[in-house]
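Enquirer: Based on these hints, arrange chain B on the given structure of chain A.
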Amino acid sequence: MDKITLGAVNTEPGSSLNYKTGSWRTMKPVLTPENCIFCNMCWEFCPDSAIEPADPKSKKPIRIDYDYCKGCGICVEECLANKNANLPNALEMVPEEK
Amino acid sequence: MGVKQVVKGNFATAVAAKLARVDVVPAYPITPSTLFPEQISQYVANGEMDAELLLTESEHSAMSAAIGASASGARVATSTASQGLKLMSEMLFIASGMRLPIVVAVGNRALSAPINIWCDHSDTMAERDSGWMQFYAESNQAALDLMLMAFKIAEDHRVLLPAMVGLDAFVLTHTMEGVDVPLQEEVDDFLPPYKPVYTLNVNNPMTFGSFGTPAHYMEFKYQQWEAMKSARKVIDEVFADFERKFGRKYEKVSEYRTDDAEIIFITMGSVSGTARAAVDRLRERGIKAGAAKIVVFRPFPLERIKDIAKKAEVLAVLDRAVSFGISGPVFTDIAGALTNEEEKPMLLDFIIGLGGRDITFRDFFEMAEIAKKTMKAGKVDDPVHWINLRKELLEGGA
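Chains A and B, in that order, are what the protein sequence lines are. Just so it is clear: in the first sequence, position 35 is 35 by the numbering used here, and no numbers are missing. Just so it is clear: in the second sequence, position 271 is 271 by the numbering used here, and no numbers are missing.
Isolated chain A (complex conformation):
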């Protein structure tokens, strides 16, 4: 076990990478990849950089990084496919399996 340092100095830069904050989640967004329209609104609005953006040229859909996604649901709210009544939903909130 690591010993505590003098004055709470953390001598290891970037150590927050070791801490997967996605474990806080109770709900999670789930993507249906074939429904993604590559608009990247989810990536734009994600408050935690937990979305890897889509590439419209290669038609690569977005990807959700569940190591850091807190399940706030903002991506689901902002998803343009979800907002468009003529398109099938791309993102949906589902309860986290415990």
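None of these hints come from the bench; they were simulated from the model. C-beta atoms are modelled at their ideal positions from N, C-alpha and C, and glycine is treated no differently. Incorrect hints may have been included.
Claimed, not checked - Below are the DSSO-like pairs computed for lysine-lysine, each with C-alpha atoms no more than 30 Å apart in a straight line:
#1 Lys233/B <-> Lys3/A
#2 Lys233/B <-> Lys20/A
#3 Lys221/B <-> Lys3/A
#4 Lys3/A <-> Lys376/B
As the list claims (entries may be wrong) - Sample of chain B residues facing chain A (criterion: CB under 10 Å; computed from the structure):
#5 Arg99
#6 Phe208
#7 Ser210
#8 Gly212
Claimed, not checked - Derived Cβ-Cβ restraints for the label pairs, each shown as a range:
#9 Glu186/B <-> Pro13/A: 37 to 45 Å
#10 Lys3/A <-> Phe361/B: 51 to 59 Å
#11 Asp67/A <-> Ser89/B: 35 to 43 Å
Expert: Frame of chain A, contents of chain B only:
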């Protein structure tokens, strides 16, 4: 030896900062400490001092800048008082928690309201739990000497805690007194450059002031507790080293005619000289009085207080501050120090000299009278007395 100069207390602390080769002085002026940043700015402008003088927009910012500078490995000093220390208060706890050996000269001044610029100890007493060491000067010489020693004690790796040096508003800050100002080479020989354990450095990044969860917080506080404990030993070592090099003796508590004393006055700061002179006059009147001056208030000199308590029948504590709803703060600490002693003297607390009210021989004679009555009665009903209180000014009269 140094050069004798006739100087004000604020000059003494400023010249100490210069002699200590302080790197950064973040400052915001406040009465009665303004002469400190004024003097430093002259030193920097004249090229006599190679320091960064940061004129901040508030004392909160001054202490924040001090924390940043100290974390980068600089030796840091500033000066403030009263409301200024209160505005720093939030950051004081951060400086001590981050274990940064910043030194602050505090021109001990009363707190508002009502607004008052004169001396008492309310400002530093209210910061006694901030994790800072506290030293109280009786003279301008002591202000200079304690400031120099504060760096050495604070920066010792067994301590690494910030320190404040209290000097009484106007009585010391603005009063001229002959002071032996040490030579630069003498101070260089006494005080080596600051060697930090960790420093902010872009080439070796670290996180300062990180998060402490319930699983770790207590251990950090315990480290501070232990550091304060080891400061007791380091203070004795540095006082002894200072005496060897400069010939001036300092003790955590200095005693005067206490050996056969029945009544011992406990004082801090500039009133200690008055106390010794009052003791001489009381002795002429056949009253066995003595005096003890607390120089180091944090860490509290528990063992010294226990030793002194063994000598007296009554300890008469002079408190230049008040903790409303109980007593003066020095009194509660002394009572705490003695609580498990089998034999202890009776304890009296005198709230005195608030807001710059003079403390005179007449006050000491009055306190001695109360102490004599207490000895005769053999018990204490109410230990707290307000001395030289103008009751006739109160609504409803005395």
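Enquirer: Each of the hints needs a verdict: does it hold here or not?
Expert: Going through the hints against the structure:
no., hint, result
1, Lys233/B <-> Lys3/A, "holds, 25 Å"
2, Lys233/B <-> Lys20/A, "violated, 44 Å"
3, Lys221/B <-> Lys3/A, "holds, 14 Å"
4, Lys3/A <-> Lys376/B, "violated, 58 Å"
5, Arg99, "holds, 4 Å"
6, Phe208, "holds, 6 Å"
7, Ser210, "holds, 5 Å"
8, Gly212, "holds, 6 Å"
9, Glu186/B <-> Pro13/A: 37 to 45 Å, "holds, 42 Å"
10, Lys3/A <-> Phe361/B: 51 to 59 Å, "holds, 57 Å"
11, Asp67/A <-> Ser89/B: 35 to 43 Å, "holds, 40 Å"
In summary, the numbered hints that this structure violates are 2 and 4.
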